[in-house]
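**Q** Here's the letter readout for the chains.
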Amino acid sequence: MLSFNQDCWFVRKVVRWRALASIAWSVLLLPATTTLFVFLVRFSLFHPVEWISECFGLLMAASTIFSLILLCGVVLVIGFFNLEGYTVVPSIPCSRVALLAKVLHPRQCVHSLVHCTVGMMVMWCASVMAGGRYQALGSPCTRGESADAPEVCLNEYHVFLLLAGAFIGYSHSFLGVVQNMNYVSFQIIQQYKYLRCKGSLPWVLKCSAVQSLYAVRNYVALYFFFGHIPRAWISNSLNLPIDSSLHSLDSLTGLLDFSLLYHLWISGAFLLLTWYITVLLFRIYVTEAHRFPVQSTFAEDAEQCLPKVLSEKRTPIMKFLALQDLALLSQHSPPRRQEVFSLSQPGGHPHNWNAISKECLALLSDLTQRLVAHHDAVASNGRARPPSATSDTRTTSNSSVSSAVVSGTEDLPQTPRPSVLLKTPGSVFLKSSGRGISSPLTAPFTPDLDSPFSTPSLRHLAAQQVPQQGQWLGSVQSPHIIRRGPKLWSTSTDSQANGSALASPVPTPSSPPPEQKSSFMAQWLQNRKEQLPEASSQALFADSQAHIWALEGLSHLVAASFSEDKYGVVQTTLPSILGCMLSLQEAVDRHFKLPHASSKPVKTSCSMGDSTYKTLRFALRAALKTSIYRITSTFGEHLNAVCISAEHQKRLQQFMEYRE
Amino acid sequence: MCSLALFPPPLSGGQITLYEANNELVAGSSPDCYEKQGAQTLSALNFPRETLKPHSRPESSSKAAFLDHKDTLWMRSAGAWRDAGLSGLLDEITNSAEEVPKWLAVSSGCVLALIRWMSSFHGSLFPHLTLSGEEMTAEFSQVSDSAIRSFAWHPHTDKFAVALLDDSIKIYNSRSATAPTLKHRLQRNVSAMQWKPLCASALAVACHTCLLVWHVDPSSLSTRPSSGCAQVLSHPGHSPVTSVAWSPSGSLLVSASPVDTAMMVWDVAAENCVPLQRVGGGGVTNVSWSPDGSRLLAATPSALFRVWETRMWTCERWPCLKGRCQSACWSPDGSRLLFSVQGEMVIYALTFSDMTGGPKSAAVVADLSETTFSGIDDITVGGEVQSLAWDPTGERLAVLLKGSSSHPAIIAVFKTRSSPVFELLPCGFVSGEIGAEPRLIQFHPHFQHGALLTVCWSNGRISHVPFYFVSVGRPHTGGSPPLPHITSKIEDYSTTHTLYTEQIS
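Same order as they appear, the protein sequences are chains R and C.
Residue numbers for the first sequence follow UniProt numbering, so the first one is 1 and each next one is one higher.
Residue numbers for the second sequence follow UniProt numbering, so the first one is 1 and each next one is one higher.
Bear in mind the hints are in silico, worked out from the structure with no lab data behind them.
All of these numbers come straight from a predicted model, not from anything done at the bench.
Here a beta-carbon is modelled for each residue, glycine too, at the ideal position from N, C-alpha and C.
Check the hints yourself; a few may be wrong.
Simulated restraints on C-beta separations [unchecked claim]: (1) TRP117(C) x ASN218(R): 33 to 43 angstroms; (2) MET75(C) x ASP257(R): 47 to 57 angstroms; (3) LEU425(C) x SER599(R): 54 to 64 angstroms; (4) VAL210(R) x VAL106(C): 25 to 35 angstroms; (5) GLY13(C) x GLN649(R): 37 to 47 angstroms.
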């Protein structure tokens, strides 16, 4: 992760070792998958004995050993990319343009290029192991008559497989972006690594077989139309003539060779399987629950304790694991709960509980504000404006670029295209896209102030009110109060847990844009922008796994405090916890009334991409209700004595009567 | 060990058990006087079988009668593939030998024979796989032949759901007059239902092909919630679903199918699931979560059940000697599991504790072998257990005994005691109207004055039998009792009750 602070102890001590272990295991699994591949690719129905003896002979051969070593290198490269690129908060492009920008991002280009190369290497190994006509790049020419014929011709089968490797490598990389394959989701239940791996292996096998089938279909179609270009190029550059007496493979007769397609499919499945296993093991290792101590007796370990770790913002994986640990300890571990409720030894302050509850409440109120801001943006405008399209576009608040530049970089980071748009002052696009970016300190650029209705005096007013924002962030406020100053709030999903995405580029300074076609381009892009209506909702809840754990942890701790909290430390924060949850509940309810917010995503079958993030908002809604019910059902009538606002009281009453 | 011989003799001559007070069961002559007693505001419901038309659906055997044989071979093959998968496709090809090339017909016939041979081998290992879906539901779930297929109390409010023979579900609420009826295209062969804990509205329904989760807004006045209120959860190979169980914390749902060796752990809101696969046993018939959420029982169609611990989701295997685990229930603190085994007339107990490594073997706690009470006319009771239910205070255990040709099914109620040693003590038999046999039993989850047993009878009647007692563990809280005279009785006898328990201990 480039955005990782390399000094973070957690990355150094835990994440790297986990990644190393996962890579080591994927390397250890390579001989097994290779054996499987050899047996499948050399399969012959009518000579079973020959088949088996040949396979065993091949497994001992030097070429296979060399291929294995090469494959180990490939797995290392893939494992490295997994470690570098993983994220716990998916970046969700809100429009096609943003998606395009993601695909064309330089970093992504490097990723694709490396995957192409590595895919070719795997396919080279596969073709060597498959043997027969696939063995080598050159083959003796069959044309015997003419004396001037060269000895060695280009073996098109070999080229065909190599190009297939490059194609599958690229499509893996491309689908990785589209399906957020670098997103690591956490399981709903805890399982031991071995059992989890064993349970997922059949699925991974099926997945790689199916994906390989799709890839073969696409590749064959592509080769049919464009296959002659790379073939001619290779033939020219290597000075290997094409054997004209054979059918060339970009013809119908050449491609309708069943055994060729079978070998291609099996090789593609082998390629994807080795990569998918690496991804799977990495996910399993990195999401394994980590146990953080609640408090430590030694001062030097203090930064590794749960209250400190929770407030950490730079390392999202650590924050997520800490929240998961909090949710687990609050459910399963009474002695650790006791530590949370305990008082500090000299002084008698509930530091642990205060720090934990404060951090959880800050997370929840942050989400509330985000939702309220989004809702207001929609309400003020009649349509949803995408919040910060991808989380890699978080602006640095002190960047003194103009609002227009910021708006341009929102969707197209580090590509020259945004500058095209910037020459259309006053276009709808500018207004709508300018919203996405602003952090609390860039108030003068708060986009709504650009609207024609804003007067200079209003701007002045807004600028004055900005400092209050910071105070509001910490405290829990009813959405009604917050709504008073809606225009001040940005739709930026600039949460603390958000920094994990691909990169954090600084907005590119505007370059002199071309004069023509700009308004046409803007129009076109404007049309493209509105294409993914559900995405804005998904993007709002992209990091909601953290909120779900915070809700679970808080509610379980509060429920347990009813009988376990000897000093009553939880009682003091109970009003703010309830208030925070009820405000969030109100905000979530209002959000789900928006169009597209409650539409379910279509299920993707059999792909390695994790689509858990698409349904996180539903999970959050359910977890929120369950959490409030957990508190009300534990405390019952006692909650009437808790002082919260009348409006919240009314809402709480609904929960106590089981009417929500 | 308790046996049926220690019980007070069952009622005879059309007497009906009305309630328990003062440590004995009070009988009346007709349900009307029960109505007059008016236990709670809950009135008995009646669902005569005749009024409900069972859902008529084309059986697989009757398929040929409806399929147009004039279809082309392609159409028929596609239909067969859709309906019955690969074997259906091969069957179709083999049967239309005159339309296809000879080699195709012969080879598909061979493959079909091979598949049948292998499936019969598989079926001989796990005989339940040869049953059809409906037979399987009838065999492995508590679904009865009466008009009521399933019954579920809401865990927090006075609300319950009744699944009827015509595949509809009705929801009755003590606080509102509307009784919503839930119907869905996929809601067929309902075999189990459970309300989500810590939620007002979600009801999970185990259906023939899938799992439905209804969200019934409690404040809505609609009597027919649209099928848009139902979430459909399905997983290939995971049907028919015969059992569902929500985790007590309300976050997870577990579903089981006798055909699938994996049980599914669902995150319902996000609609994703984690299969937990263990091959032995050939499927999972019944899942039940311990009330503290730390363990989960998974019974299989073979003589084997598993107890999962729900922290890291590992399981321990419990092979039974005689048959499969028929029914089981957890004690309210989740430390004890009572279960019964098919073919044996006893109740076993397993005690779990966190300290030791777990129990080594199950102990027999009650003997339910047939016993004849001689009175005016000899009455025989006893037999295998159909289902077990333990009330939430942990003081009453209702056991539904299977009937036989000689004697009808009956409910035996035990008093339970966990200290100093776990013990079952006789309480009495609950009998209903003449000709009505109990089919389903469930305790009300939060009855204030003791325990309330809800019984669904074979004649379609649902009645409630209250057991008034003062729980040992729970301090008796005051409040406005719905029945002044009965509560006063309770208060009178509360002292005697504690005396009584002291005497026994």
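**Q** Now look at each hint and say whether the structure bears it out.
**A** Here is how each hint holds up against the structure:
no. : hint                                      : in the structure
1   : TRP117(C) x ASN218(R): 33 to 43 angstroms : 39 angstroms, holds
2   : MET75(C) x ASP257(R): 47 to 57 angstroms  : 31 angstroms, violated
3   : LEU425(C) x SER599(R): 54 to 64 angstroms : 57 angstroms, holds
4   : VAL210(R) x VAL106(C): 25 to 35 angstroms : 31 angstroms, holds
5   : GLY13(C) x GLN649(R): 37 to 47 angstroms  : 57 angstroms, violated
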